[in-house]
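S.K.: This is what each chain is made of:
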Amino acid sequence: MDLIILLVIIAVFAGGILFFKLPAGVALAAAALAGAIAAGEYFPVRHFVEGTFGFLDPVMIIAAAMIFMKTVEATGALGTLSYNMMKYLHGYPTILMILITLFIMFPGMLTGLSSTCILTTGALVVPGLIAMGMPRPAVGALLAIASVLGMIAPPINIPVMIIGGGVDMPYIGFELPLLIATMPAALFTALYFRFRYLKTFDITEVLAQMPHPVHDRHGYKLYIPLVFVVGAMILLRVFPEYIPDVGIPFIFIIGALLGFGTGEKFNFLVVSQKAIRESAGIIAILIGVGMLVQIMTLTGVRGSIAVNALNVPVEYIYIVIILLMPAFGSAYAAASILGVPLVFVFLGHNEIIITAALSLLAGIGDMMPPPSFLCVFASKMTGVDNHYQILGKSVIPILFIMLSGVLMMLFSSEINSLIQAIPFGRPY
Amino acid sequence: MNNGTSKNPILLLLIVVILCAYSSIEFLGMRKPDLLIPSKSLTAIKKLSNYFKGMKNTSADSDIYFFDSGKPGGTVLLLGGTHPNEPAGFITAVVLLEQLKCEEGRVIIIPQACLSGFTCTDPLEGYPSSFTVKGKYGDRKFRFGSRVANPLDQWPDPLVYQHYPSGQKLSNFESRNLNRCYPGNPEGSLMQQTAYAILQLIRSENVDVAFDLHEAAPEIPIINAIVAHEKARDVAGMAVLNLEFEDLKYALEISPVRFRGLSHREWGDSTTVFPFLMETSNPIQGRLRGVTNEKLVLYGTDQNYKKALESGKLRIEYLVSGEPLKLRVGRHLQAFLAVLSAFNELNPDKHITVSKVPGYHDLMINGVGFYLN
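If you read the protein sequences in the order shown, they are chains A and B.
Residue numbering for the first sequence follows this note's numbering, beginning at 1 and increasing consecutively.
Residue numbering for the second sequence follows this note's numbering, beginning at 1 and increasing consecutively.
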């Protein structure tokens, strides 16, 4: 029965996209409705509505962050920063790519949210990378992969916290395992995109194609909104006892409002409308995914996927993990639904290393269809029409990440011994 | 890619408004208080705001039921509904307060410790909003709530929840989890204030023994267990032995020192009370569960857990015949009686004696409804 419901859901979603050309969010909602009908639940209104609230926080963050980004773009701050980054670092392309990758990851490391990477630091580097001749889908892929790694890298990793909440494991001692999980992958990603896609370029031509810097006209006040947003996120992490946590969306909105008078003139209403229009698609996807997950849980399909994954023969468990963890299409959903029982499957191994590795694999879910929400966002930022092109350019780094995750799980005890040997590596 | 906008936004908006209005009737219905009918032995009803004024007029100001024998002895506190999506804890407290007679000492019951969490369910979990128990005197409907406080009462969640005062980090929604907020903070969030009020109650009422009743997914290792603070180890050990005589197997777990914010850890560290947390196995809490509905709450039968048990991949505490509500409530009641008995034996000057409390076997024969007024 669960298989029939699942097939109905997949068929309606795929049919909605391919034949009826529905927006992905609407196709997901239609799939949820079809799943409910197939399960005999018919039209459970409360569950449909409740499901739409499942990703309320990310929806608010995305909307607010888009308004912020459109504001700093309108003030000229975004273009000026990208221009200067190219101007001063173009002579060292390998170092530049490593720094750019870490730079994109930075907001995710602080907030634990992959979307903030694409929307803040990611947006800053896009014009420069495109001007350097990197194909737009490759730029999008770099953004998406670095965002996943930023979300997983320490100090904040929300999938680990979700798994920890399910198995009563406090968030202690994860810094080094998460660095081990993410930094080799970050380095590989930077070098892969550097040597695969970055050709030699004429810096004068590159700079000529970029937005003209406005620093001379406005001075350092141009950067006030950016400094405020990044500073507020850092201060919230470092001094949580002194700084009231008003929420990330509110920080972005204050940052946007601080844009007035710091650079070029802009109409806040027009900028906000443009931001919401551009983010409506991804917001609709998140709402649709929420409805679908709620219906899959209600009808037992979610549980069946999890229990069947756990029931595969032990020799295939790693294959199932690398295929199924990302397939949830959301890092948080994968961490909650599969991550928690998988920690119990691996009892006897080092739970901290296992959880760190599982979070890495779950993180890829943010790129995967049906929502593919990091790819969708990256496509918006880079002007790529088909976000699957971005997913396509990400395959090699994704395989590297999967390999890293599996190796960490296979050698969890050895990695733990290594960490214990480092004086500051011990969690307690 | 289509940006998701419609060619006919008015029609779309109208559909959304109708759906929201329709569903809001059910959501608002969750604000209706549950009917509880205390036994004749009830001597007083107070509120958490009697112990911390900051709780007054908040949606978390829960009722506290007092049963005072008028005879000297110890005082026991029992919390149900710390997690309103764990119905056996709540219903055990209801059965107790509807049946109990206190013969020595005092019994204090807070059946809905996280009252705010009873006003909503968790998005993405597909939970029913209520369940109905067929009672001796008619059907009794109870709310099935959320693990954490309603976001309408405490929001936004912080970026990362840092426990007060230890600074231990947990995922952000745990800031709304009462059982991660002890010892509480009078200046803090609603759940920190609730935790603080409960601690104040324990202190000012000189509570000797305290219970926090829970349920957990069958795959969680701490299941069918009593978790005790280290100072209550002897009482818990004796209780587990007593329970073995009733053919009930319990694991004894000592409260982890490094995991902060939990009732059994912080109550024990901050006061003189002997704290105990008890867990039963409930498939509806689990991530492997199948169809999620009221039947699963009441009968606890789930094909997915049967499959997981048979595969042997996970250590699963699940009976093939199911984990019905009567079994889970019966276990909690029997364990409560066993701990009290052990406490009385080791503390003869603080006897707490109760009568008319059904045990595990009574529940298994008569069901839960038989013990509801």
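Just so you know, not all the hints are guaranteed correct.
Some chain B residues judged to face chain A by a derived CB distance under 8 Å, without partners named [what the hints assert, rightly or not]:
#1 Leu124
#2 Gln168
#3 Gly290
Stretch-level coverage of chain A by chain B, calculated; a stretch enters the list once three of its residues show a Cβ under 8 Å from a Cβ in chain B [what the hints assert, rightly or not]:
#4 163-174
#5 399-411
Since the hints were derived computationally from the structure, they do not count as laboratory data.
If you're wondering where the values come from, they're calculated on a predicted model, not measured in any experiment.
Built from N, CA and C at the ideal position, the CB exists for glycine as well.
S.K.: Is the hint on Gln168 (chain B) kept, meaning its closest Cβ partner in chain A is under 8 Å away?
M.R.: At about 5 Å, which falls below the 8 Å cut-off, the nearest Cβ of chain A leaves the hint on Gln168 (chain B) intact, so it holds.
S.K.: Hold the hint about Gly290 (chain B) up to the distance rule: shortest CB distance to chain A must be less than 8 Å.
M.R.: 3 Å, holds
S.K.: How does the region 163-174 of chain A fare against chain B when you require at least three residues with a CB closer than 8 Å, holds or violated?
M.R.: That given contact holds, which follows from 8 residues of the region 163-174 of chain A lying within Cβ reach (below 8 Å) of chain B.
S.K.: Would you check chain B against the region 399-411 of chain A, counting CB to CB pairs closer than 8 Å, and say if three or more residues qualify?
M.R.: violated (count 0)
S.K.: Please check whether Leu124 (chain B) passes as an interface residue: C-beta within 8 Å of a C-beta belonging to chain A.
M.R.: With a closest approach of 4 Å, the Leu124 (chain B) hint holds.
The structure does not agree with numbered hint 5 stated previously, though it agrees with all others.
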